[in-house]
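Protein chains in written order, with this note's numbering: chain A, 1 to 225; chain B, 1 to 240.
These aren't lab readings, by the way, just hints derived from the structure by calculation. Among the hints, a few may not be true.
Reference excerpt, derived from the structure (chain A facing chain B, CB under 7 angstroms, subset only) [claimed, not checked]: (1) S77; (2) L79; (3) A82; (4) A114; (5) M119; (6) K121; (7) A122; (8) G125; (9) S129; (10) F136; (11) V137; (12) V139; (13) I141; (14) S145.
Where is the CB? At the ideal position from N, CA and C, for every residue including glycine.
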Amino acid sequence: MNNLTLTFTANDFMLMLQGAGITFVLTIVSGFFGSLIGFIIGWGRSLGLWWLYYLLGLFIEVVRSVPLIIQFVLFNSFLAIAGYPIDPFTSGIITLSIYIAAYVAEVVKAGIDAVPPTMVKAARGLGMSYFQCFRFVVVPIGTRSVLPSWTGLMLGLMKDTSLIAVLGASPPELLRSSQIIITRIQEPLAILIGAGAFYFIMCHFITVAVQRYETSWASKGKVTA
Amino acid sequence: MIKIEGVRKSFGALEVLKGIDLTVERGEVLCLIGGSGSGKSTLLMCINALEGIDAGRVEVDGIDVHAPQTEKNKLRQKMGIVFQQFNAFPHLTARDNVALAPRRVLGQNKVETLELAEHHLAHVGLGDKLDHFPSELSGGQQQRLAIARALAMKPDYMLLDEVTSALDPELVGEVLDTLRLLAEEGITMIAVTHEIPFAREVADRVAFFHQGVIHEVGPAKSLISNPQMERTQEFLGKIL
Ligand SMILES: Nc1ncnc2c1ncn2[C@@H]1O[C@H](COP(=O)(O)OP(=O)(O)O)[C@@H](O)[C@H]1O
Ligand SMILES: [Mg+2]
């Protein structure tokens, strides 16, 4: 039985591989929803409505100040108390999405601000509506200027997913599964190096994917503004 | 025809336009001259409603530009505007820069707009730069691209705000040549410029702006060679 052996087994490897898969899925799903929500928040803050600007700013500040681990527990307990307990993965993904959305919102705002006002005026001057200008000028230019920051957020998010362990989510993600194995075989160094390698491979995958996308714009279309 | 009547405009406590009256006929070329900060750029943007006004009225072909019910996006389609900063869209090739608005605003089909873009780029002498990105173009070329982009919307009017001011001296000529071409084609233009010899040669009339009012307006040649007002004389004396 795997639980009784004191050496690293094929099952341990499978546990870590499964953990890596869970980490990756958590990152992709909450990264997707977080970016979507963050985009809407960042856009909302760019509208020039002062009350909306400060309201969303307050949200961002709260989410960024409270440690993620506390948010996990609070949100999960809140749902339980409210009488709508959901499984730890769902509640974790919601928490992670909202958490990363606050950071994405700031990046989105920076991207929108990176587009010079006269560029917007030139677009509007051609007869483009607010939305046409936003869609065809502001978004592409802004995206190019903040994509590296956004990628950084996603890599950070991947490491933050490990905190979902406080909810007792099972099967465990990568870090938790490594800890389980370490506790049994008492080989922290080797296992942690292995886990680090898994994290590295997944981060590298994201970085390369973004770089591919960046080069598809043609290096010449680079934005210096 | 553009008719400006008693236009006032403030930014906060600063009154930038203090009652502007000006009429520009179809086919006319009007140059606006005057010191920096006198409100020339603001006036241009009030004409196509990129800025609102506080009082007065701007009429373009009989349409009250600032009336709430006016479709401003539609109105701007027939008024090209080009700025001192070239504002070429950096993520698009020259061809796509020009094709964007006809495609998305006028809803023309893609092939049609690409051909249109090629035509207009050739017109301003950029026929060999179709696939170049703005970062690969010189300032003069970027500014001609901006002009071609505005022309692709087939505007009846062009508003030009110091389009040569950000250019190296050796590149000013090529852009002025492009403007001469437009003037010859009879497109109505309001051009803010510091190129006095150009204004004298190309403009029908010149208006001298000073601290938010039009101090003097008249036929280009006579106003420039023989200004009546002291402030105009002073300004022209400094710049010429
Ligand atoms: N968006 C703005 N907000 C506040 N002040 C502005 C704005 N645009 C222009 N101004 C001010 O209005 C004055 C006139 O500006 P402008 O029309 O650009 O003058 P000009 O084009 O003749 O140099 C300047 O003092 C300028 O600082
Ligand atoms: Mg100006």
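Right, here's what the structure says about each hint:
1. A cut of 7 angstroms between beta carbons decides the hint on S77 of chain A: the least distance to chain B is about 46 angstroms, and the hint is violated.
2. Checking L79 of chain A against chain B by beta carbon gives a least distance of about 43 angstroms; that is not within 7 angstroms, so the hint is violated.
3. Because the smallest distance between the Cβ of A82 of chain A and any Cβ of chain B comes to about 46 angstroms, over 7 angstroms, the interface hint for this residue is violated.
4. Evaluation of the A114 of chain A hint against chain B yields a violated restraint, the C-beta minimum of about 11 angstroms exceeding 7 angstroms.
5. Contact between M119 of chain A and chain B, as hinted, is supported at the beta carbon level, the nearest pair being about 5 angstroms apart and thus within 7 angstroms.
6. The interface hint given for K121 of chain A holds, since its Cβ lies 5 angstroms from the closest Cβ of chain B, which is under the 7 angstroms cut-off.
7. Nearest Cβ of chain B to the Cβ of A122 of chain A: about 4 angstroms, under the 7 angstroms cut. The hint holds.
8. Residue-level restraint check for G125 of chain A holds (minimum Cβ-Cβ distance to chain B is 4 angstroms; threshold 7 angstroms).
9. Contact between S129 of chain A and chain B, as hinted, is supported at the beta carbon level, the nearest pair being about 5 angstroms apart and thus within 7 angstroms.
10. The beta carbon of F136 of chain A comes within 6 angstroms of a beta carbon in chain B, closer than 7 angstroms, and the hint placing it at the interface holds.
11. Nearest Cβ of chain B to the Cβ of V137 of chain A: about 6 angstroms, under the 7 angstroms cut. The hint holds.
12. Below 7 angstroms, beta-carbon pairs count as interface contacts, and V139 of chain A has none with chain B, the closest being about 10 angstroms; its hint is therefore violated.
13. For I141 of chain A, the suggested interface contact is upheld, since its CB lies about 6 angstroms from the closest CB of chain B, less than 7 angstroms.
14. Look at S145 of chain A: its Cβ only gets to about 10 angstroms from chain B, farther than 7 angstroms, so that hint breaks.
The structure is inconsistent with the numbered hints 1, 2, 3, 4, 12, 14, although it conforms to all the rest.
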